[in-house]
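S.K.: Mind assembling these two chains? They're in different frames, but the hints should get you there.
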Amino acid sequence: MENYLSLFETYNVPAAFWVNIQLTFWAAIWALALGTLLALMRISPIASLQWIGASYVNIFRNTPLTIIIAFGVLGLFGQLQVSLTEDFNLNFFRLAILGLSVYHAAFVCEAIRSGVNTVPLGQAEAARAIGLSFLPAARLVILPQAFRGAIAPLGNVLIALIKNSTVAAAGSVAAESASLMKTMIEFRGDLVIPIFLTFAVGFVIIVIPVGLLTTWASRKLAVAR
Amino acid sequence: MRSTRYAVAATMAVAALTLSACGGGDDGGSDSSDAASDSIRIGIKFDQPGLGFDEGGSYSGFDVDVAKYVAQELGYSEDKIEWVEAPSANRENLLANGQVDMIFATYSITDTRKETVDFAGPYFIAGQDLLVPTDSDITGPDDLDGKNLCSVTGSTSAEKIKEEVPGVNLVEQPGYAECVSVMSGGQIDAVTTDDIILAGLAAQESNAGQFKVVGNPFSEERYGVGIPKGSSNCEAINTAITKMIDDGAWEEAITANTEGADYTYNADLNPPEPEACA
Numbered sequence: 163m164e165n166y167l168s169l170f171e172t173y174n175v176p177a178a179f180w181v182n183i184q185l186t187f188w189a190a191i192w193a194l195a196l197g198t199l200l201a202l203m204r205i206s207p208i209a210s211l212q213w214i215g216a217s218y219v220n221i222f223r224n225t226p227l228t229i230i231i232a233f234g235v236l237g238l239f240g241q242l243q244v245s246l247t248e249d250f251n252l253n254f255f256r257l258a259i260l261g262l263s264v265y266h267a268a269f270v271c272e273a274i275r276s277g278v279n280t281v282p283l284g285q286a287e288a289a290r291a292i293g294l295s296f297l298p299a300a301r302l303v304i305l306p307q308a309f310r311g312a313i314a315p316l317g318n319v320l321i322a323l324i325k326n327s328t329v330a331a332a333g334s335v336a337a338e339s340a341s342l343m344k345t346m347i348e349f350r351g352d353l354v355i356p357i358f359l360t361f362a363v364g365f366v367i368i369v370i371p372v373g374l375l376t377t378w379a380s381r382k383l384a385v386a387r
Numbered sequence: 002m003r004s005t006r007y008a009v010a011a012t013m014a015v016a017a018l019t020l021s022a023c024g025g026g027d028d029g030g031s032d033s034s035d036a037a038s039d040s041i042r043i044g045i046k047f048d049q050p051g052l053g054f055d056e057g058g059s060y061s062g063f064d065v066d067v068a069k070y071v072a073q074e075l076g077y078s079e080d081k082i083e084w085v086e087a088p089s090a091n092r093e094n095l096l097a098n099g100q101v102d103m104i105f106a107t108y109s110i111t112d113t114r115k116e117t118v119d120f121a122g123p124y125f126i127a128g129q130d131l132l133v134p135t136d137s138d139i140t141g142p143d144d145l146d147g148k149n150l151c152s153v154t155g156s157t158s159a160e161k162i163k164e165e166v167p168g169v170n171l172v173e174q175p176g177y178a179e180c181v182s183v184m185s186g187g188q189i190d191a192v193t194t195d196d197i198i199l200a201g202l203a204a205q206e207s208n209a210g211q212f213k214v215v216g217n218p219f220s221e222e223r224y225g226v227g228i229p230k231g232s233s234n235c236e237a238i239n240t241a242i243t244k245m246i247d248d249g250a251w252e253e254a255i256t257a258n259t260e261g262a263d264y265t266y267n268a269d270l271n272p273p274e275p276e277a278c279a
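If you read the sequences in order, they're chains B and V. Numbering-wise (the numbering used here), the first sequence opens with residue 163 and increments by one. Numbering-wise (the numbering used here), the second sequence opens with residue 2 and increments by one.
No lab work stands behind these hints, which were simulated from the structure alone. Just so you know, even glycine gets a beta-carbon here, dropped at the ideal spot from N, CA and C. Hints are not guaranteed to be accurate.
As the list claims (entries may be wrong) - Derived EDC-like pairs: lysine to aspartate or glutamate, alpha-carbon spacing no greater than 20 Å straight-line:
| hint | chain 1 | residue 1 | chain 2 | residue 2 |
| --- | --- | --- | --- | --- |
| 1 | V | Lys-161 | B | Glu-348 |
| 2 | V | Lys-148 | B | Glu-348 |
| 3 | V | Lys-115 | B | Asp-249 |
To be verified - Covered stretches of chain V (in silico footprint by chain B; criterion: 3 or more residues with CB under 8 Å from a CB of chain B, positions within the stretch not fixed):
| hint | stretch |
| --- | --- |
| 4 | 71 to 85 |
| 5 | 220 to 231 |
| 6 | 265 to 277 |
Unchecked claim - Under 10 Å between C-beta atoms, here's a sample of chain B residues computed to sit facing chain V:
| hint | residue |
| --- | --- |
| 7 | Leu-211 |
| 8 | Ala-331 |
| 9 | Ile-370 |
The following block holds chain V by itself, in its conformation from the complex (with noise of 0.2 Å):
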């Protein structure tokens, strides 16, 4: 009995300490927000090499470079930004809530997105293509009937490639990480999405020198920066792109995410003219 009472307050003790540290987190958020003056909150993938890749605190990427420099030309110095992770399903939320004030983060502009968000930009623009074995012969979506390909399950490049190749066996995989170690044990003929990501992920150390991007896209993405529903931004982040393409920034932040891909971004769409804002 004595033993039961022990651990009820054992128990009890824990929980009242997980839940005051997550008091503890949310007291963080709201603080920041006070300070939204002095500081800026930009909300990047943390899980995409080569764009938005969280390095154990520290972030890099394409999308990570382009947000740095946007934020300086804002005025908002790197130690004044603040990272937040913004997963596919969660960016239009994000930004209609106020949780963050831009997102760099592979975000297509679309017409049913801009009904919630507002978008600057486009900063890139990528198109649907294939990530291979080296070693593969297949050249474009037309080899593909029949073949083994992987996306990440739910997402625009899933949709896109069963309409395109309706003959195609589609593995849906929660992760492009976990698509590329189905490829690497021989079960997969391709993996599809935007050729950036992919570039991103065959320049990745434990992949280097396995995998090739095959160079032919099929769609064309224009990766945007998200901004809240008539937010002000929108000319000074168009401005800020425009002169990190000019300045040679763009340039060098592409080059040096994708090192060691073999990759080559479509030079007929790139760099782009960012758009008027609404």
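Only chain B is shown next, with the shape it has when bound in the complex (with noise of 0.2 Å):
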């Protein structure tokens, strides 16, 4: 017990943790931007902008994310020497945000058409019959209630992006928890067990909050109908 306790004094535990909620919140930031746009392109009435947002998602939904966050590192940076700021450490940490940003926002594109889904096609007839285009119509009647019917798929999303965070220990964010658990393994290789369930019991903590609340509000916020 008191050489597990040693371990929270040499290696920084929570700072580790800190740096996947960072990569997490930034994501979902961009994530949920590109998705919505993508939801856009899916829905629209434009042959050309249908194809291009189903062809993104097929893309990178069915592309592994280690591959697009080695890619990000290896391809990106090692042979196109890609840079996103001159800070050497930012760049990856930069890198790995563009990663996982790219490939949630698939699944974020998905879970909003699910959500349009919810909305009744009577809502887009009258919407049209008050004269609104597309877009007007998109923004002010379809995707309020898309969003909030889109809510516990969204939360799903964004658990699996807090844990997919981890992957970026392959595009050398060398501080995020991954990776500390690597060289935590490395440094003691007595203790694996208790490391190994160390980072378990961190994700579940911060996971357990986020599907409660995404719950909570899916409940809230759904329309009424």
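M.R.: Right, here's the structure in full:
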């Protein structure tokens, strides 16, 4: 037990989780923005936009996240010499956010589309009948209802994103928790199982409130029909 | 409806096959542990060229050569060896759970590790060094300030270089192959880890002639043979290692596995004298 507690003096575990929370926060914002745009494309009446949205979702939803994140370092940074900032380490943090965002945007898009399906067709017809074209109809009538219907699936995407932020370890974000776990195991092989459990429990503690919150919000905000 | 039912049946059939395949694998494992007396399970790296490398079912490298020699001395011919992959994070567990009998996997002897496993050897003393492009003018850790380096996430080498040269920019990748790939793209000035691992990378066919090991080691990593706590094999393994060094097979194995890398091991420390067994 004393051995185990000494781990927390040597290694800053909360700081590592904080990096994951930061990754999640930024990636969630970008993924929500991009995902909403993609969902708009997919429900738009313009065939070429529908095609672009559908292609994006099919490509990124079906590519393993590890490959996308590794491409950020090996492809964008290593071969194409892309740099998102002058700061060496911040660059990998941003590349990881980029990778997490483009991947989860596909899932956000589909979650919002499922929300759109909860909006009765009559709503869209009524919006058109009062003279709204596609964008105003989407902005004023369809999406507000769709988001309220999509809270539960969006919450699931957020939970997946929190845990997937550990994949940033493959993208050279060495301060995040999966990387710290590897370091701790390398130096304290005698405590492998307690170390694993620490990180597993840490993620459970972060994820459970998110699940409770989204369940509560999806009930509270559901459109009564 | 009907097609759904077929789909469900098909999925379940696939699942059943997959699961039974897993079961089969497990059975194979337990069979071999029953027959432990006439075969030996040795843990090695599968992904480290020059040390322990899986070449599609056959294994090559310095660790593998030493393991074969030691097994031979312990009375197990080559066909009695069962090779098991021993990734860094799993080594202690593999030994503690009795899933392997010995580990030869760039396994440095350290005091924390000695609390859970025993070590025979060392059979090699490596040192952390730098792998750089052939035309680089880096000669040691003193030239690294502000340079971009690459090492493996969570490895001893990564932690060590952060300590030694705080001004260094470190890319941390899952494996050394990725590091070398970033270096050949020109974004990285050096890859750092134990010299013999670097030599193995430089000697790989696809990298031949592109990189060199600097040859200015700044740490001491004593590669030991990991054995379960309280194992009775320690003395015999040490005798085998001493014999291997004395009859020249040790030297031969190093030369053969680092051929083409322009690498010479640290002759002040090598060949090492095995430590007394606990």
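S.K.: Now look at each hint and say whether the structure bears it out.
M.R.: Each hint tested on the structure:
1. Proposed proximity of V/Lys-161 and B/Glu-348 is supported: the alpha carbons are some 12 Å apart, at most 20 Å.
2. Note on V/Lys-148 and B/Glu-348: the hinted pairing is violated, with a Cα-Cα distance of about 25 Å set against a maximum of 20 Å.
3. The suggested pairing of V/Lys-115 with B/Asp-249 is violated, with an alpha-carbon distance near 40 Å, which exceeds 20 Å.
4. For the stretch 71 to 85 of chain V, the assignment as covered by chain B is violated, since 0 residues bring a beta-carbon within under 8 Å of that chain's beta-carbons and 3 are needed.
5. Coverage of the stretch 220 to 231 of chain V by chain B is violated in this model, with 0 residues showing a Cβ closer than 8 Å to a Cβ of that chain against a need of three.
6. With 0 residues bearing a CB less than 8 Å from a CB of chain B, the stretch 265 to 277 of chain V misses the requirement of three and the coverage assertion fails.
7. For B/Leu-211, the suggested interface contact is broken, since its CB lies about 32 Å from the closest CB of chain V, more than 10 Å.
8. The interface hint given for B/Ala-331 holds, since its Cβ lies 6 Å from the closest Cβ of chain V, which is under the 10 Å cut-off.
9. For B/Ile-370, the interface hint is violated, the least distance from its beta-carbon to any beta-carbon of chain V being 27 Å, above 10 Å.
The structure does not agree with the numbered hints 2, 3, 4, 5, 6, 7 and 9 stated previously, though it agrees with the rest.
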